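Novice: Here are the chains, one letter per residue:
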Amino acid sequence: MADIRVDNLNLWYGDFQALIDVGAHFPEREITAMIGPSGCGKSTLLRVFNRMNDFVEGVRVSGQVIIDGQDIISDKPDLVKLRKNVGMVFQRPNPFPLSIYENIVFGQKVHTEGLSRSELDEIVEDSLSSVLLWDELKDKLRRSALSLSLEQKQRLCIARLIAVKPEILLMDEPCSTLDPQATGRIEELMRELKNNYTIIIVTHNMQQAARVSDNTGFMLLGELVEFGKTRDIFKGPKDKRTEDYITGRYG
Amino acid sequence: MLRHLDEELKELHRDILKMAVFAQESIFKSIESLKNRDKALAQDVINTDNKIDELELEIDDKCIDLIARYQPMAGDLRYISTGMKINAELERIADIAVDISQRSLELMEKPLLKPLVDIPKLSLVSQDMVGDAIDAFIKRDAQLARKVVLDDAEADRLRNLVQDELVSEYLARDPQTAERAVALLLIARYLERICDHTTNIAEDVIYMVEAKVVKHHPEELK
Chain Y
1 MADIRVDNLN
11 LWYGDFQALI
21 DVGAHFPERE
31 ITAMIGPSGC
41 GKSTLLRVFN
51 RMNDFVEGVR
61 VSGQVIIDGQ
71 DIISDKPDLV
81 KLRKNVGMVF
91 QRPNPFPLSI
101 YENIVFGQKV
111 HTEGLSRSEL
121 DEIVEDSLSS
131 VLLWDELKDK
141 LRRSALSLSL
151 EQKQRLCIAR
161 LIAVKPEILL
171 MDEPCSTLDP
181 QATGRIEELM
191 RELKNNYTII
201 IVTHNMQQAA
211 RVSDNTGFML
221 LGELVEFGKT
231 RDIFKGPKDK
241 RTEDYITGRY
251 G
Chain P
1 MLRHLDEELK
11 ELHRDILKMA
21 VFAQESIFKS
31 IESLKNRDKA
41 LAQDVINTDN
51 KIDELELEID
61 DKCIDLIARY
71 QPMAGDLRYI
81 STGMKINAEL
91 ERIADIAVDI
101 SQRSLELMEK
111 PLLKPLVDIP
121 KLSLVSQDMV
131 GDAIDAFIKR
141 DAQLARKVVL
151 DDAEADRLRN
161 LVQDELVSEY
171 LARDPQTAER
181 AVALLLIARY
191 LERICDHTTN
201 IAEDVIYMVE
211 AKVVKHHPEE
221 LK
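These protein sequences, in sequence, are chains Y and P. Those letters in the first sequence? Residues 1 to 251, by the numbering used here. Those letters in the second sequence? Residues 1 to 222, by the numbering used here.
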């Protein structure tokens with residue numbers, strides 16, 4: 001099952017507690033948006049899901065995060081495998097300074113040795129097709145990925161993840177550097193992708209969360225204040241703090 | 001934190017209250033014209049209707065404008081969408097007051113069929129319900145709104161009483177009274193319709209306050 005179950009999750013950066021007793025269920029093949037003011041812990045939570053906080057000095061985590069039946073906090077999972085299964089898309093698209101083709105097959109080469117040229121070609125076509133870039137780029141695969149537009153770069157980064165066949169896609173503000181048209185197209189892509197992937201998106205853009213997600217979680221000062229169906233949260237949130245935030249009264 | 005939207009919502013609120021006052025006045029005047037055979041008052045209700053229609057369009061436009069510019073969420077969204085619905089209900093109520101006035105004018109041309117007893121009672125119920133529904137909207141009082149919804153049964157009861165009396169005492173006995181009896185029957189029906197629209201307002205207020213849909217779900221009233 002490609003869902004994520006979080007229970008009693010606490011995280012400290014040194015003395016500072018960034019996540020406080022977080023519990024939630026992120027359903028399979030749905031889009032869940034995490035919203036909340038800067039510093040509320042939403043990105044930290046996202047980074048727990050593929051253990052990216054491990055790089056931070058002085059980080060301490062307790063609680064449970066069950067992915068595929070495995071507790072990724074206490075079970076010490078193989079991080080290469082975990083990150084293959086749980087891919088992350090960042091705020092600024094970060095393609096490698098390689099060709100478009102090499103960007104896509106890079107992960108494949110790490111995870112699977114000895115793939116033939118035709119197998120790699122197929123992966124490139126499949127991955128670029130699923131982010132709707134194939135038609136645009138099929139004749140330009142040897143070009144540097146750095147020559148692409150911002151939106152194309154972001155799509156390429158998503159294609160690069162898809163190439164290694166993950167189950168879960170984490171997106172940290174994936175549209176914050178894009179214009180409204182490009183944002184709309186990435187949102188369309190997310191809707192397509194949710195047929196095959198569980199998606200969790202961190203966004204400051206409330207309208208985006210309302211448009212694109214099935215579930216929404218509101219975080220404040222490290223706590224998950226409210227979590228529920230997006231259609232309920234934006235029409236009738238139960239907690240006054242959620243109401244204040246989504247109606248722009250917070251602060 | 002006070003938002004610019006709050007200022008605009010206040011303005012919308014004032015307009016909806018203005019609409020409510022117009023509708024309440026129209027009902028009151030139409031019933032008074034009937035009771036006192038007052039032509040001028042009935043005519044006044046008919047003449048005011050244009051103004052009410054214009055205000056309805058203005059409020060509608062304001063709501064759509066707020067949705068387009070602010071993309072409101074949660075309580076704001078429920079307030080604006082409820083405002084739009086209440087606006088439409090109030091306009092319908094004012095239209096019905098015009099219908100009552102027209103019947104009242106027709107009845108004035110003929111001798112009094114009978115002293116009015118239950119119709120004034122029904123009109124009081126309807127005016128109380130409209131007053132309470134508006135109060136519930138102003139005070140965001142879901143409990144009062146619930147009372148309004150429950151009061152509708154009394155309006156139905158009185159309407160049936162009027163209907164039974166007019167049919168058995170007049171329509172069935174004397175065809176000469178048919179025109180006047182039917183006019184009174186219609187007025188009772190109009191008043192009961194006003195109560196139905198008022199019930200809708202009350203249900204909308206409950207949604208606005210509690211995000212709970214009670215329309216067509218009476219079990220949610222508890």
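Derived from the structure by calculation, the hints contain no laboratory data. Some hints here could point you the wrong way.
Stated by the list, open to error - With a Cα cut of at most 20 Å, we get these calculated PhoX-like pairs of lysine-lysine:
id: 1; chain 1: P; residue 1: 147; chain 2: P; residue 2: 62
id: 2; chain 1: P; residue 1: 35; chain 2: P; residue 2: 121
id: 3; chain 1: P; residue 1: 215; chain 2: P; residue 2: 85
id: 4; chain 1: Y; residue 1: 240; chain 2: P; residue 2: 212
id: 5; chain 1: Y; residue 1: 238; chain 2: P; residue 2: 212
id: 6; chain 1: Y; residue 1: 81; chain 2: Y; residue 2: 140
id: 7; chain 1: Y; residue 1: 235; chain 2: P; residue 2: 212
id: 8; chain 1: P; residue 1: 10; chain 2: P; residue 2: 147
id: 9; chain 1: P; residue 1: 139; chain 2: P; residue 2: 39
id: 10; chain 1: Y; residue 1: 109; chain 2: Y; residue 2: 81
id: 11; chain 1: Y; residue 1: 235; chain 2: P; residue 2: 18
id: 12; chain 1: Y; residue 1: 235; chain 2: P; residue 2: 121
id: 13; chain 1: P; residue 1: 110; chain 2: P; residue 2: 18
id: 14; chain 1: P; residue 1: 121; chain 2: P; residue 2: 147
id: 15; chain 1: P; residue 1: 35; chain 2: Y; residue 2: 238
id: 16; chain 1: P; residue 1: 110; chain 2: P; residue 2: 39
id: 17; chain 1: Y; residue 1: 240; chain 2: P; residue 2: 139
id: 18; chain 1: P; residue 1: 35; chain 2: P; residue 2: 110
id: 19; chain 1: Y; residue 1: 229; chain 2: P; residue 2: 121
id: 20; chain 1: P; residue 1: 85; chain 2: P; residue 2: 212
id: 21; chain 1: P; residue 1: 62; chain 2: P; residue 2: 85
id: 22; chain 1: P; residue 1: 147; chain 2: P; residue 2: 215
id: 23; chain 1: Y; residue 1: 165; chain 2: Y; residue 2: 194
id: 24; chain 1: P; residue 1: 18; chain 2: P; residue 2: 62
Stated by the list, open to error - Okay, the calculated bits of chain P under chain Y, using three or more residues with CB under 8 Å as the criterion:
id: 25; stretch: 1–15
id: 26; stretch: 193–204
On a predicted model such as this, the values are computed, not experimentally measured, just so you know. Built from N, CA and C at the ideal position, the CB exists for glycine as well.
Novice: Regarding the pair residue 240/Y and residue 139/P, is the alpha-carbon distance no greater than 20 Å?
Specialist: Holds, because 18 Å separates the two Cα atoms, which is no more than 20 Å.
Novice: For a C-alpha distance cap of 20 Å, please report whether residue 18/P and residue 62/P respect it.
Specialist: At roughly 14 Å apart (the allowed maximum being 20 Å), residue 62/P and residue 18/P satisfy the hint.
Novice: Are the Cα atoms of residue 235/Y and residue 212/P separated by 20 Å or less?
Specialist: 10 Å, holds
Novice: For the pair supplied as a hint, residue 35/P and residue 110/P, is the alpha-carbon distance within the 20 Å limit?
Specialist: Distance ~14 Å between residue 35/P and residue 110/P Cα, so the pair holds.
Novice: Under the criterion that the straight-line Cα-Cα distance not exceed 20 Å, is the pair residue 235/Y, residue 121/P satisfied?
Specialist: Violated, at roughly 40 Å.
Novice: Check whether the Cα positions of residue 235/Y and residue 18/P lie no farther apart than 20 Å.
Specialist: 27 Å, violated
Novice: For the pair supplied as a hint, residue 147/P and residue 215/P, confirm whether the alpha-carbon distance does not exceed 20 Å.
Specialist: 14 Å, holds
Novice: Is the hinted pair residue 110/P and residue 39/P satisfied, with a Cα-Cα distance of at most 20 Å?
Specialist: 13 Å, holds
Novice: Hinted pair, alpha-carbon criterion (20 Å max): residue 240/Y, residue 212/P. Please report holds or violated.
Specialist: Cα-Cα ~16 Å, so holds.
Novice: Are residue 229/Y and residue 121/P close enough, with their CA atoms no more than 20 Å apart?
Specialist: Distance ~47 Å between residue 229/Y and residue 121/P Cα, so the pair is violated.
Novice: Between residue 147/P and residue 62/P, does the CA-CA distance stay at or below 20 Å?
Specialist: The given pair, whose Cα atoms are some 30 Å apart, is violated under the 20 Å limit.
Novice: Are the Cα atoms of residue 165/Y and residue 194/Y separated by 20 Å or less?
Specialist: Since the Cα atoms of residue 165/Y and residue 194/Y sit roughly 13 Å apart, the hinted pair holds (cutoff 20 Å).
This entry does not satisfy hints 1, 6, 8, 9, 11, 12, 13, 15, 19 and 26, going by the numbered hints stated previously.
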